[in-house]
Amino acid sequence: MKLEGGVWKYGDDVDTDVIIPARYLNTSDPAELAKHCLEDLDSEFTEKMSPGDIIVAGDNFGCGSSREHAPLAIKAAGVSCIIANSFARIFYRNSINIGLPILESEDAVSSISEGDKISVDLDQGLIKNLSKDEEYQARPFPEFMQELIASGGLIKYLQEKVNKNG
Amino acid sequence: MGMTMVEKILAAHAGRESLEPGEIVNAKLDLVLGNDITTPVAIEEFEKIGVEKVFDKDKIALVPDHFTPNKDINSAGQTKSIREFAAEMEITNYFEIGEMGIEHCLLPEQGLVKPGQIIIGADSHTCTYGAFGALGTGVGSTDMAAGMATGEAWFKVPETMKFVFSGELQPWVSGKDLILHTIGDIGVDGALYRAMEFSGEVIDKLSMADRMTISNMAIEAGGKCGLIAPDEKTFKYLEGRVDDDYQVYKSDEDANCYDVIEYDVSKLEPQVAFPHSPENTRPISQVGQVPIDQVVIGSCTNGRLKDIREAAEVLKGKKKAPHVRLLIFPGTQEIYKQAMHEGLVEILIDAGAAVSTPTCGPCLGGHMGVLAAGEKAISTTNRNFVGRMGHPDSEVYLSNPAVAAASAITGKIVSPEEVV
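Chains as they are written, first to last, in the working numbering: chain A, 407 to 572; chain B, 49 to 468.
If you're looking for bench data, these hints aren't it; they were derived computationally from the structure. Note that the Cβ used here is the ideal one computed from N, Cα and C, for glycine as well. You may find that some hints are simply not true.
[Unchecked claim] Computed cross-link-like contacts, DSSO-like style, restricted to lysine-lysine with a CA-CA straight-line distance of at most 30 Å:
1. Lys76/B with Lys570/A
2. Lys424/B with Lys441/A
3. Lys96/B with Lys570/A
[As the list claims (entries may be wrong)] Partial selection, computed: residues in chain B whose CB lies under 8 Å from chain A:
4. Ile72
5. Val89
6. Asp171
7. Asp191
Kindly generate the complete structure, drawing on both the sequences and the hints.
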């Protein structure tokens, strides 16, 4: 799958409380959560971003709470992919489980600037910076995770298993 | 080559003799936990999988504790969906208001946590169970749904980082200070993807309450779990709560570790984590003048009887500063009852505290003590991110219960030594 979008860039340790504050967690409706995506980090994010845009961030993206509402809010807001140096482990699992594309690449994070246009080939883990005419390679996923991603997330992966067994 | 504790636990649950860090294994689960924020999403995902029943109605724990007693109509709808799901699936360990507690205080008390188990919880502080030598780890709602359906989950075998504490603790220094000091040292991603293992003479002497506080905050350093090898204290806590059909795993001497970090904590002072990260720690002597509007004592980190006792010891015969709101949250009904029995609740109320029914409440800015713009709180909870306890322009300082209680008296952050 190929994605293309403009870049919004953030720093290290973006936590799940700023991605979706707990004051909005009395619902799990993705459309409602999307309205408040990144609100306490960048209050104008949902107004200025366009569907398909890509978040690029530093270390430990998504640290803190286990709330799946965080990747759900980002996905429902229309963000197509997150590229970071590293992800907090629960956020990492959650993103793969719900089918939100994430990639780890220090090269990409250090070279990409806010506003750059980039394209991402998820199958190859290849990131192209269309504004700067550069290419970066993301760390490959372990085989099992590639299967999960190819299925479209954990639930679809399990549905396939349930159907197969009968 | 020997194996680490986490490798042994994962191997035993994956039907393997041995395994290596980095491998991905499918492991059997002993318990699957969810709360009122994460469970509604898990129920929706569970229903998509296509199975009729949960894998084992005795191995699921549902604890509505975050926004309960229901803070608004939407939250009431969320807990209603859990209540109905629990009834439909005949889930044994569903805890209603009046019988409940903050999940990570409640489950050990209820005998649902045993050494050697694997417990996944749709709550990041599930790592608390590491204090019992159990692999407790936080996951999201979809993993919880899959766990409820299949009784299994995938795990990447983590590398282990050992933390060895030596020395003699100073007065008013407790488990909270050891873990804040550790996070201050290694940073909020210092143990990312790894298992943390805590040991040494200091850990040996600590109460189970303090050990739970330490394991609880492993996630604040990015850790997958925060393990402490079971010992006589662990077994004593478990006596009468669980059958003795559990396995005790300890790391082998020659097991391969990513790192071993040793701390001599003889001179360690009480620690305070400044906004807006648990890694921004300072010793109490270097805090300076920080006036506060609110004090929160409780949570899955510090809501146990020992914590309430410590707060009461500091507050006994004293009054909070007039402008300060002092909020105390015993972790479970049992802790609340025991605190009443020991006369602690009366001491706290006489000091001007509001003593609440158990709830996560203000820890995550849910209810029961949300901060306005510009307000500052000192809190025994686990996170001080932007907006964590309310308005994005409010501030949270993290400390142990004695420091929080002392600060309530003076209206600014101080050491207990200044008031006792």
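Outcome of the hint check:
With a CA separation close to 21 Å, the supplied pair Lys76/B and Lys570/A stays within the 30 Å bound. A C-alpha spacing of about 27 Å is found between Lys424/B and Lys441/A, which places the hinted pair at or below 30 Å, so the restraint holds. With a C-alpha separation of about 15 Å, the suggested pairing of Lys96/B with Lys570/A holds against the 30 Å cut-off. Against a cut-off of 8 Å between C-beta atoms, the interface hint on Ile72/B holds, since the closest Cβ of chain A lies about 5 Å away.
Checking Val89/B against chain A by beta carbon gives a least distance of about 5 Å; that is within 8 Å, so the hint holds. A cut of 8 Å between beta carbons decides the hint on Asp171/B: the least distance to chain A is about 6 Å, and the hint holds. About 6 Å separates the beta-carbon of Asp191/B from the nearest beta-carbon of chain A, less than 8 Å, and the hint is met.
This entry satisfies every hint, going by the numbered hints stated previously.
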